[in-house]
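Chains as they are written, first to last, in the working numbering: chain A, 1 to 253; chain B, 254 to 614.
Among these hints, one or two may not hold up.
Stated by the list, open to error - Which bits of chain A does chain B cover? Going by a derived footprint, with three or more residues having C-beta under 8 angstroms, they are:
hint, stretch
1, 64-76
2, 83-97
3, 157-164
These aren't lab readings, by the way, just hints derived from the structure by calculation. All C-beta atoms in this analysis are idealised placements derived from N, C-alpha and C, irrespective of residue type, glycine included.
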Amino acid sequence: MDIKDIIKEENLVYSKTKVLTDNVMHYCPGCTHGVVHKILAEVIDELNIQEKTIGVTPVGCAVLAYNYLHIDWQEAAHGRAPAVATAINRLYPEKYVFTYQGDGDLASIGAAEIIHACNRGEKMLVIFINNGIYGMTGGQMAPTTLEGMPTSTSPYGRDVKMTGQPLKITELIAQLPGTCYVTRQAAHTPAAVRKLKKAITKAFDNTGKKKGTSFIEVVSTCNSGWKLSPVKSNEWMVEHMFPYYPLGDMKDE
Amino acid sequence: MAELKLMKGNEAIAEAAIRCGCDGYFGYPITPQSEVMETLMARKPWEETGMVVLQAESEVAAINMVYGGAGCGKKVMTSSSSPGVSLKQEGITYIAGAELPCLVVNVVRGGPGLGTIQPAQSDYFQATKGGGHGDYRLIVLAPASVQEMYDFVDLGFELAFKYRNPVQIQSDGVIGQMMEKVTVGEFKPRLTDEEVVKRYGSWATTGKTANRDRNIITSLDLDAYRQEQFNLKLQRKYKEIEEKEVRFEKIACEDADYLLVAYGSSSRICQKAIEIAREKGIKVGLLRPITLFPYPTKAIQAMLGQVKGILAVEMSAGQMVEDVRLAVEGKVKVQHYGRMGGVIPTPNEIVKALEEQIING
């Protein structure tokens, strides 16, 4: 059989979703952002909510996420995405509003905004990328950096006596009555990708049903910041991040 | 139908917001402006017009809610007083950088720091020279009466959308707290979502439809050349605002030998000072800037052939006086008189300062 007999329209089993743009992503090879963007785009496409979805990008590596998904976007100041999304949600209750934030953005400078938006039960979803480091600014210590983990501002490893324990903000968020769905996922294996996609689909569904805030943490890698190869990063994440940040649902109402 | 009402300056802001078709107010309590949100919460405009009113967790959150609402093409506002407006500076520069229309009200109190809850005008630099980072300007309106507090809400939104630029009402604790009669206008309906799409769909995040590319609200451009081009575009906009939107009032200037320049509550006190001075035979007039940016530079310059000296009166250590001096370019004597920390000058003090610093100085 010739290759031309195989590559035919009727044999198509998978294609790039139309919600993803053709822009070349600026993310480092091996970075988790690209996978999460793709899943997000697929879910928006499958739920047919492209015209109703408004995303809010953070400050951090995902600041340019608006280049990659064909939806309307607002780029927020560092940590303020939940406040920006609150107003969009209140003024357009029929839209699907989500924030996409990293650990420095959400768990450090924007801790107040995320806690209060979740406590008010804003009808939106939050994608929280936790790779334990400030990627864009060059690998500084984040609130979620593990104990002993070296970064450019903790070159001898995070000293928890000086800076406190890594912040499990998702556990805090799960305590808030405004949240309806709080889960911690990953995207390092095909099985994990399928689970994450299910979680994001459920979160958008909750938003459509006005159930409350849905919050999805994605334990992620930053191979550039961690100074490991993409494969080694995944192994390091499984070995070190997962024990401290265990995967699974914390709340599903 | 137009009605006459007795109300506080802060209440006038709230009433005007409801009546001019404002879509959302986001605020945080601070003296001496808390009546703005209190009035809105008591009025429940969400039942009347559908207007959203939300008490935010902080000033920072409130101004970022304004960013989000403005980015959707909605008519949104916040209000605060000096320490709170300092917190809002981050959001204001992002709003200016993303070219979003919105209204910010500052009912100024004495500083620096926590300062006092009494009135002051010591945030002039912050409002007119850019309190946040970067080369940006706000359109700054300075009401001198409760009526103007009311009128400038609608005017502020009109200018904000005309230029896609944040507008600030620069009031103070006197104007915010005092009661005067106000003619309130008729209700203007809020725009429907369809009208918002029609008017602002070219830039606002109203949802990406098949007939247009995605809209992105951002102040970020990492390409230095493009960022410079964007800055030049902003500067052209500010120039146009300076050419078209200067507002001021002249009182008793026809025969004036001397000129007082004052805005807001100081201009009200100056009106009494003019009466006292004229009884003493001193011919003095008042030029009241209504827009602090754009500043009425040409109006001051037009007085230079006529007046022998100018006294700028403000409740500050001397901030607006710098713009008077820039306009005058050393051609006549310019002095500043002011009180600080929440102390309000008396008309007699102003006349004495005019005599000592300008006439005999």
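How the hints compare with the structure:
1. 64-76: holds (count 10)
2. 83-97: This one holds; 10 residues, not fewer than the three required, reach chain B with a Cβ under 8 angstroms.
3. 157-164: violated (count 0)
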